[in-house]
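**Student:** So the chains spell out like this:
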Amino acid sequence: MGEPRLIPLLLATLLLGLTGGGAAEPRSVILATTTSTQDSGLLDVLGPMFERQTGYRVKTVAVGTGNALRMGAEGNADVALVHAPELEIDYLKKGALIDRRLVMHNDFVLVGAPTDPARVRGLKGRLAAIAFRQIAATKSPFVSRGDQSGTHVKELALWKEAGVVPHGDWYIESGQGMGATLTMASEKRAYTLTDRGTYLAFARRVDLAIMVEGDAPLLNVYHVMRPDPAKFPRINVEGGKSFADFLISPEAQAAIRTFGVDRYGAPLFFPDAGQREARP
Amino acid sequence: MALLWDGIRQAIALLARGDAEVFGIAVLSLEVSGAATVLALLVGIPLGLALALTRFPGRTLLISLVNTGMGLPPVVVGLFVSILLWRSGPLGFLEWIYTPTAMILAQLIIAAPIVIGLTLAAIQQIPDTFRLQMLGLGASRPQMLRVLIQEARLPMLAAAMAGFGGVISEVGASLMVGGNIRGRTRVLTTATVLETSKGDFDVAIALSLLLLLIMFLVNAALTWIQQRRAG
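Protein chains in written order, with the numbering used here: chain E, 10 to 289; chain B, 726 to 956.
Calculated from the structure, these hints are not laboratory results.
Glycine included, each C-beta is placed from N, C-alpha and C at the ideal position.
One or more hints might be untrue.
[Claimed, not checked] Partial selection, computed: residues in chain E whose CB lies under 7 Å from chain B:
| hint | residue |
| --- | --- |
| 1 | Thr69 |
| 2 | Val70 |
| 3 | Ala71 |
| 4 | Arg79 |
| 5 | Gly155 |
| 6 | Glu182 |
| 7 | Gly184 |
[Stated by the list, open to error] To list a few chain E residues with every Cβ distance to chain B over 10 Å, as calculated:
| hint | residue |
| --- | --- |
| 8 | Pro57 |
| 9 | Leu101 |
| 10 | Lys102 |
| 11 | Asp156 |
| 12 | Lys197 |
| 13 | Phe211 |
| 14 | Gly223 |
| 15 | Gly283 |
Bound-form chain B, shown alone (with noise of 0.2 Å):
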């Protein structure tokens, strides 16, 4: 116990003194994942809009597909995003290998999922009735979409929030594809990783307390933006 409350201690101090490093870390953290969120949701909303819209063969096994990718372990993910991009890959000669751009493409592939399954499930609790009476009162297929989303948009923000939570806090994918390099793609969950190993705790607290901090942040922010509009 006594390494937790020195680790603590120490991190807070490390904190307060300002680490140029470790902020450094903190600011690549909070790009790199807001991001992999902010174009998970470009993508995912009109995925699963589509999805809870239309009726096509194939349907539920696409839907069945994408609730498994709403568990996308990071690793396989990094593992894959890698061999396409190492040199000998097919994505090679783009050299986005150890830059953050391979990081958000591969936060982005854990977040769409989780978006697109959130977004569904959002749209799909609305009832169809509604929709009908809509289109039945003269409502053009845009309008019913804003509305739909609208109605939606506070289970939407919760699938923000489950998205940027989901890949602030993956480390294996951003191991894997940013390399971990100091002063480039080195970000809290694998500099915790790091020092951890390194058997620097009181640094590896800091950065797990940073970490935590900055969820609860971006969350308290988004569930009052939720909370605001919602009253």
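One chain only, chain E, in its complex shape (with noise of 0.2 Å):
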């Protein structure tokens, strides 16, 4: 009679699955980052190279750049990779946040219906802005992610450059993240701002061409900041350093370099470890 015997020892062998073997487990750094980021696979090969090397693992949180620093300045999370440097300095000079690195940048583009009611493309001078004022001009329809975002702040900071206050039925805000956003704004016929990456993982499935592109103030800047370990003695204060030590080490800022090539035919992110800001 062997199948009593089965019975404890499949229970055992599940319960041994649900506390993970018993054997140590490593120990895990808790990055709060933006769902652009994760959203872009770029994590999927940085994640998997930083655990091979230093034996934690990451659990990544996607949320908004906004929810990802609060995450950091109130000790929920190790680490946080953010792209709002106005937000970044408010907590840096509070003293939530510490230890602010430059990672890397990608760039938002401008993209819309390729009958682009506004005469938004190729526009020569300051062109975001004045992109931006031409929309709101001719009340061309445009979604807003509305989400406070990284993208999104970029977004309000553009129109506060264009002397917009955007408002009206024109102005559609989607309360959502960029892919959902993009699929909307081809819908609707609509302009938005997007990063490239997520712009270019979506370029097959919406009918949005890029208008503009390039101008200094669409860059978008990555920096690595950590919780001052100070204040929150539960935090996994070496994971988090050690996961911020690796993003600007040699090994992951040419990952960053050639990640999407293969895919897109154009890297997504331009690594920027050890310059003083990102350069277009």
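Take each chain as given, in its own frame, and dock them per the hints.
**Tutor:** Structure representation (structure tokens):
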């Protein structure tokens, strides 16, 4: 009668499976980052590299930049990879987050229906601001993320630079991630501001073309920051620091440089570690 | 825990102030889910009756499908309705995508199987002999149906509650087909997701409390009708 003995064995296996096999569980590093970083797939490359090098496990929480910073500042994450420089500096000044280091940049592009109702394609001069002003003046539909994400914060800064307070039927707030917002812009034949990576990933599925690109205010700069260990004794200080160090290491920077080239024919991110500020 | 108590306190302050945007979001939730539930009842009760009272080949399979449909994942409904309603889709010409109409359609698809399934169960728990007796005593078919619905109306009110509860609390389908557009298609659940992702937990908690309050009030009203008639 082998069967009765099989059941406790199965139960034991199940329990061991649930508790991680009894072996020492690798300590995890909680990374707070933005949905756009997660969606690009870059972390699927960097995460395993870091895990192989250090033995830590990375748990990525992808939220809007505002929330990612807040998670770090409240000690709910061990490290944050974010792209909203103004907000970052606020947190740095408040002392909630420390050790801000430049990692990389990618860029935003203004995309829109190929018919270009606001005639913004190929503008000369301070492109982004002028394009935004023209979109508002012609009341051409524009889909905003409206979610306090880094992309939304950048969009609001561009409206401000354009001297426009966007409001009205033409200004649509999706309150959703970039992918859903691009789909909505395509359906509504509207303009939207997007990071290049998500746009490239969606380019085949949406009827949107790049209208404005390469203008300095469109740069999307990523920094890594950590919560102050003195304030949050329970965070994984070593893990967070080693992830930050890893991001600016030559190996990670090389991986950033080549990421996406095979799929999109162009890099999505530009490594900037050690420089003062990202350049176009 | 501080977050929770602070959140609840600020949420109550926010509700007490009667924030116009939050109020508008709550009204839209009620309108969309209310309409979807009423439509689901209009479609579901006759279909449930038909399924309960007729015998045909494939009926068991159909009932299994309805029972599966009672747990239809909202995101799956959202995805398929989106694909149908996008400009590239077969129903794109309707221009329903990102409108409350699209949300009602998706919620109808979620609620209808619940209503059909519960109606079916409600009618089936009435003994066959009762029905045969009625016909034997000379009742016409419409008369018999009316009596059956009378008999089953308590469980059918439960079907209405289950359907409404299912759709007003779903988020996946509303987000996908409605788009969570501020002032147009933003409902309590999608707004809660957004405010949470923004880190505005007090607003998220306020929206959640409002959602629970609406669910309670609607269910209390339906329960009141149900118990009064029962008494």
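**Student:** For Pro57/E, which was marked as not at the interface, is the minimum beta-carbon distance to chain B over 10 Å?
**Tutor:** holds, 26 Å
**Student:** Examine each Cβ of chain B, and state whether all of them lie more than 10 Å from the Cβ of Lys197/E.
**Tutor:** violated, 7 Å
**Student:** Over 10 Å from every CB of chain B: does Gly283/E meet that, or does the non-interface label fail?
**Tutor:** holds, 31 Å
**Student:** If you take the shortest Cβ to Cβ gap from Thr69/E to chain B, is it below 7 Å?
**Tutor:** Violated: closest Cβ of chain B sits about 15 Å from Thr69/E, beyond 7 Å.
**Student:** Quick one: work out the minimum CB distance from Asp156/E to chain B and report holds if it exceeds 10 Å, violated otherwise.
**Tutor:** Label violated. Min Cβ-Cβ 6 Å, cutoff 10 Å.
**Student:** Can we keep the Gly184/E interface hint, with Cβ of chain B closer than 7 Å?
**Tutor:** With a closest approach of 4 Å, the Gly184/E hint holds.
**Student:** Close enough to count: is the Cβ of Val70/E nearer than 7 Å to one in chain B?
**Tutor:** violated, 11 Å
**Student:** For Gly223/E, is the shortest CB-to-CB distance to chain B above 10 Å, so the non-interface label stands?
**Tutor:** About 30 Å separates Gly223/E from the closest Cβ of chain B, which puts it past 10 Å; holds.
**Student:** Quick one, is the Glu182/E hint okay against chain B at 7 Å, beta carbons?
**Tutor:** holds, 4 Å
**Student:** Taking the shortest Cβ-to-Cβ distance between Phe211/E and chain B, state whether it exceeds 10 Å.
**Tutor:** holds, 13 Å
**Student:** Hey, is Lys102/E genuinely clear of chain B, shortest beta carbon separation above 10 Å?
**Tutor:** holds, 19 Å
**Student:** Evaluate the condition: distance from the CB of Leu101/E to the nearest CB of chain B exceeds 10 Å.
**Tutor:** Consistent with the label, Leu101/E stays out of reach of chain B, its closest Cβ about 18 Å off (over 10 Å).
In summary, the numbered hints that this structure violates are 1, 2, 3, 11, 12.
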